[in-house]
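K.L.:
Here the structure of chain Z is known, so what remains is to put chains U, G and R in place on it, guided by the hints.
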Amino acid sequence: MAKSGSILVLGGGVAGVQAALDLSELGYYVYLVEKKASIGGVMAQLDKTFPTNDCSL
Amino acid sequence: MAETCKQFLADCGINPDRLTLEWASAAEAPRFVELITGYVNNIKEKGEIGAAEGEVDSATIKRRLKAAVKAAEARKPRSALGMLAKKLHKDGEYSKEAIAKGVSSKIVPALRAERIKEEMILLLRDGPMDIDALCSALSAKKEEVEKPLSQLQKKGVVEEQDGKFKLTGK
Amino acid sequence: MAQENVLEKENEMAQEGFEPRILGFFCHWCCYAAADAAGVSRYQYPPNVRVIRVMCTGRIDTRFILEAFRCGADGVFTGG
Amino acid sequence: MCTMYCPRPVVDTYNERLDITRAPHIDYAQAIPSSYYIDAKACLRVNYETCNLCAQTCTAGAIDFTQQPKELDLSVGAVVLAPGFGRVDEKVLEKFGYGRYPDVLTSFEFERLTCASGPSEGHIVRPSDNKRPKKIAFLQCIGSRDETCGNGYCSSVCCMYAIKEASVAKEHEPDLDISIFFMDVRTMGKGFDDARKRAQEKYGINVIRARVPRVDQVDGKLALTWTTGDGEHHSGLFDMVVLSVGLESPEDADLISRVADIELNHYNFCRTSVDAPLVSSRNGVLVAGAFQGPKDIPESVTQASGAAAIASELLAEARNSQTVTVTYPEEDKALEEEEPRIGVFVCHCGVNIAGVVDVKAVRDYAGTLPGVVLYEDTLYSCSQDALKSIAEKIKENRLNRVVISACSPRTHEPLFQETLRSIGLNPALVEMANIRDQCAWVHAQEPEKATEKAKDLVRMAVAKARLLAPLEQPTVDVTPSALVIGAGAAGMSAALSIADQGYKVVLVEKGRSLGGNLKRLTWTLDGQDASKVLKDMVKKVKAHRNIEVLTSAQVESVSGYVGNFTSTISKGGKTQMINHGVIVLATGGREYKPKGYGYGDSTRVMTQLELEEKLARGKGFLRNAKNVVMIQCVGSRGDDMTHCSRLCCTQAVKNALKLKEAKPEVNVFVFYRDMRTYGFYEDLYREARKKGVKFIRYTSDRKPEVIKLSRGIKVRAYDELIGDDIEIPASLVVLSTGIAPGDNQELSKIIKAPLTSDGFFLEAHAKLRPVEVAVDGVYLCGLAHGPKSLEESVAQAKAAAAKATIPLAKGKVAVAPIVSKVNQDLCIGCGICESLCPFNAITLEKVGKRKKARTITASCKGCGICASHCPTIAISMGGFTDEAIMAQIHAFSPEGCEEE
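First to last, the sequence lines map onto chains Z, U, G and R.
Going by our numbering, the residue at position 31 of the first sequence is 31; the numbering climbs one at a time, nothing skipped.
Going by our numbering, the residue at position 6 of the second sequence is 6; the numbering climbs one at a time, nothing skipped.
Going by our numbering, the residue at position 32 of the third sequence is 32; the numbering climbs one at a time, nothing skipped.
Going by our numbering, the residue at position 466 of the fourth sequence is 466; the numbering climbs one at a time, nothing skipped.
So that you can see chain Z by itself, here it is in the shape it has in the complex (with noise of 0.2 Å):
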């Protein structure tokens, strides 16, 4: 059987969406599932991101 040229990422946290945007850009169908409403995980709730305290936003 030929392999499938799509791949499933389960979790839209910063490792999922990361996950999603490399394979996508190496010539991969991507579904990206996430239980919540919108992606981004707890990277999106952080004010700001160390050591150089840059927002994470």
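Hints in this document: simulated from the structure, not taken from any laboratory.
Just so you know, these numbers come straight off a predicted model, no measurement behind them.
Among the clues, some could well be false.
Claimed, not checked - Dumping the calculated DSS-like pairs for lysine-lysine here, alpha-carbon to alpha-carbon at most 25 Å:
| # | chain 1 | residue 1 | chain 2 | residue 2 |
| --- | --- | --- | --- | --- |
| 1 | R | Lys749 | U | Lys87 |
| 2 | U | Lys70 | U | Lys155 |
| 3 | R | Lys821 | U | Lys87 |
| 4 | U | Lys154 | U | Lys70 |
| 5 | R | Lys574 | R | Lys749 |
| 6 | R | Lys849 | U | Lys86 |
| 7 | R | Lys70 | Z | Lys36 |
| 8 | U | Lys44 | R | Lys449 |
| 9 | U | Lys90 | R | Lys846 |
| 10 | U | Lys62 | U | Lys147 |
| 11 | Z | Lys3 | R | Lys540 |
| 12 | R | Lys694 | R | Lys619 |
| 13 | U | Lys87 | R | Lys861 |
| 14 | U | Lys76 | U | Lys142 |
| 15 | R | Lys846 | U | Lys87 |
Claimed, not checked - Facing chain R, according to a computed beta carbon distance under 8 Å, are these residues of chain U, among others:
| # | residue |
| --- | --- |
| 16 | Met1 |
| 17 | Glu73 |
| 18 | Arg75 |
| 19 | Ser79 |
| 20 | Leu81 |
| 21 | Gly82 |
| 22 | Met83 |
| 23 | Ala85 |
| 24 | Lys86 |
| 25 | His89 |
| 26 | Lys90 |
All C-beta atoms, glycine included, are put in the ideal place defined by N, C-alpha and C.
P.N.:
Then chains U, G and R, alone, in the frame of chain Z:
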């Protein structure tokens, strides 16, 4: 570039400290705030352009800068700037002294000559002037004024009448 | 409208002392980014600077600086 | 509207339950997708079939209660599990007064308090009385390193986030008195120790090394008692206590495990191994992020890219078989050439801008400017519906220039450029005025002046917009192969991944054989035979038909740009040129060779790696050994190198256990500053303590000394608990010497990739681009990036391979159109620009009889030094033309000062 501007501003009768070149990397927000606050206060002390000590009055500044911008467009001074940058870059020479020396000996004289020529034309638009009046209005020495004046005469842009010079309208 | 603004501003200046008009040329990668970061951190600084973004301070031409002063800038801040 | 009319209040989980919203709501303004949703658990209509108010009030008719959950069957080639982490059970928090005392918060709640978009708009207030607290305590290791709650591991991120939150709080309220209670300060990430030091020095945050057992309330304040390392008891009153809660396995880990048929470890995280950290027990099911073990953002991002690489290896043959391409409408060239019709959109950004700047006044002012035909204000310009509406308005009004007066073009310009593209306008026709980051936010106390500034900035942007011209989007073809520099574990992993994804790799190694530091390792941290891991890897590399190995070889020079590099490699006195599209830096690091501590003077003093090599050869050398003393942070953390070497603590614990295993009666002493056995390595630390390994803390101002005796050596050190020096006659002294950067200087110059002050390569963005460097097409992994474990090196190598393969897989790379352009009619061929260009992006070529300059578009970064130094003003910059900048300068003056 900054050094050129500073020296040329001074040459035009403007306090060169009105221009500043600072460095703040993307990670240095606090430093940036410090720099910008310090600088704004510094300019507040100096007052409006033309009001600081040793500066020419604001009408002169307007006219002179108009000429200065034209001068900075001219090929001669631009070549001088480019060649100096190229040379310093090639020699790996980035010391303040070397840059300042190069700028004052090579670029600023070229800019000044162009500026005097351009400003002269601007002055003469308002009416004929004699050589002494020109010298004082241009903040320049007689020989600095005579040379471009004779060139302009040769080109037929300027003519002499009763010891005063005026534009031919060409 | 624009004229009124100018008048208003002149009044203000007379009341609160001299507020210089300063033009900034900021490098996209460094100073402009630092200025953004200052915003993100909510640092406060005087509101006298108007900014022109360039990709690098190397872009800044002598003409730009002179023209800025001609256009009434009391100061020019170039930030790399 | 729907949120406004809903009668049903629900707690706002986005704001950590510190605020209230309604059943239909949106978590935060920039949420994607940016539509409101209905909390089905709370909605009256869904649960009781009443109400229906929202559906009636929604003007768009977008609420449909007949929708039912649907099941989808998807056929996929691989799965990436990235479900994140779970929260520590509230029962654990109750021990610390959480739930009982309102001013005991979790760190997640505190994070929302410090955030400008949070419930208190960034003001730090006590929930009990809405007053500002004066004294705050952070308690670390809540739900971590705590077997009583089943979480024996270290959550790895809390030490640093507590320091961050404390710093941010101090920035908001400089008078705050903040204490953080640590067991160990575990700031082992890249640059973290520096950040910690800065926070301590700049903000005066108190670091207390003690575990606080409980929290009590006394007179409305929170009372803590603790015992410090010298055995003394202390107590203090605080206004607020923040619990630095750890990261747990996700709540539905068991469900995921069942559904995906994968194994979990004893803490309910996904089980993986050191040599394949992103692979679950089931083929084709990969894992990334905190589900693999507690970790911070850059590591999660790295793992995510790494997992993408592995999926891409598995499915290489099916690449591009199911992708869809986005098509853009053809550009409306005729419209672009018409007289400028400018639309100005002034953004409120919620209260971010509108709270300071009079947005409506700025909008109306924009309407007075020449060329402006449409001027409007928007609540959040960057939200999806606003973008859609902007697009429609551009079309309706036939706009051909757009000014967005909002935030920074650095972050948001691409978004608006994309909007223009989507409706057939060239993306270069948008200009932004930054009235948030550089106006409203920084002049919050002077709203009038900020409004004036905003008007000026808009006027300048409009002036520039009038002169914007469409720019071509250049692309260049890519040479479909990679150069990997360094053949240690990281380099080999990266090479294998790129090769498995179907592209050629040249792997260059300075040394004579493959393996790097892995050759010196005997056991991996999870107890595997390191030499077997190495052998397997070397075998695969050598056998791979896509990999060419060059040992005893060095990179002499690199020229070109992403997609088209040409490098000179020297090997055995000969040089060869290779062409390749991308570069992976995996140059590794080396064991730091210590100075002092008797190293080199006595054969009894050795490094951890040397001990490991001895242990591997058998336990004979321990025959007469009674006491083994290990000293941590030799060379690291301010000794000689400023950075923390991250893995020496775990390495020391691992070797201590090996010693105990080889000879149980031997006494092992470990002198440490902070034990940084993060993540699941905490298990090893606990096991070592159980087996009787003695851990004694020292401080950097009182380091242990190694003293040579006439026969043997002894170690003298200060013991905090005893309050006096102790002396231990040592059979062996083992120095944990840490990891020094390799010789990166030369390569850094060749590639123009910057180094950190510690001498490691600097990544493009600490959080979001952890394996890329500032130079396009160059990627980074392993010890070249910073100290890390084998597991982390492998994950990072996979991530670098994913990133490196992206341009190869695309076959073309796009170049930003801000490049320089030479008008060859004006060019006099003086060569000034060529000599000054920092990117070698200008060449002189013969055109007819004369030399003329030409820009190499793909190399040009748009810095403009060529333009500003051109004697004949023959060079112009895309998007930053002389005319446009001059127009901005003229518009700077409120009266205008155009040339007559």
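K.L.:
For each hint, tell me whether it holds in the structure or not.
P.N.:
Now for the hints, and whether the structure bears them out:
1. R:Lys749 / U:Lys87: holds, 22 Å
2. U:Lys70 / U:Lys155: holds, 19 Å
3. R:Lys821 / U:Lys87: holds, 24 Å
4. U:Lys154 / U:Lys70: holds, 21 Å
5. R:Lys574 / R:Lys749: holds, 22 Å
6. R:Lys849 / U:Lys86: Given that 25 Å is the threshold and the Cα spacing comes to 24 Å, the pair holds.
7. R:Lys70 / Z:Lys36: Measuring from Cα to Cα gives roughly 16 Å; hence the hint holds.
8. U:Lys44 / R:Lys449: holds, 16 Å
9. U:Lys90 / R:Lys846: holds, 23 Å
10. U:Lys62 / U:Lys147: The hint holds at about 24 Å.
11. Z:Lys3 / R:Lys540: This hinted pair holds, its Cα atoms lying about 23 Å apart.
12. R:Lys694 / R:Lys619: holds, 21 Å
13. U:Lys87 / R:Lys861: holds, 23 Å
14. U:Lys76 / U:Lys142: holds, 22 Å
15. R:Lys846 / U:Lys87: holds, 23 Å
16. Met1: Holds, about 7 Å.
17. Glu73: holds, 7 Å
18. Arg75: holds, 5 Å
19. Ser79: Constraint on Ser79 of chain U satisfied, holds at 4 Å.
20. Leu81: holds, 6 Å
21. Gly82: holds, 4 Å
22. Met83: Given a least distance of 7 Å, the restraint on Met83 of chain U holds.
23. Ala85: holds, 6 Å
24. Lys86: Holds, because the Cβ-Cβ distance from Lys86 of chain U to chain R comes to roughly 5 Å (cut-off 8 Å).
25. His89: holds, 6 Å
26. Lys90: holds, 7 Å
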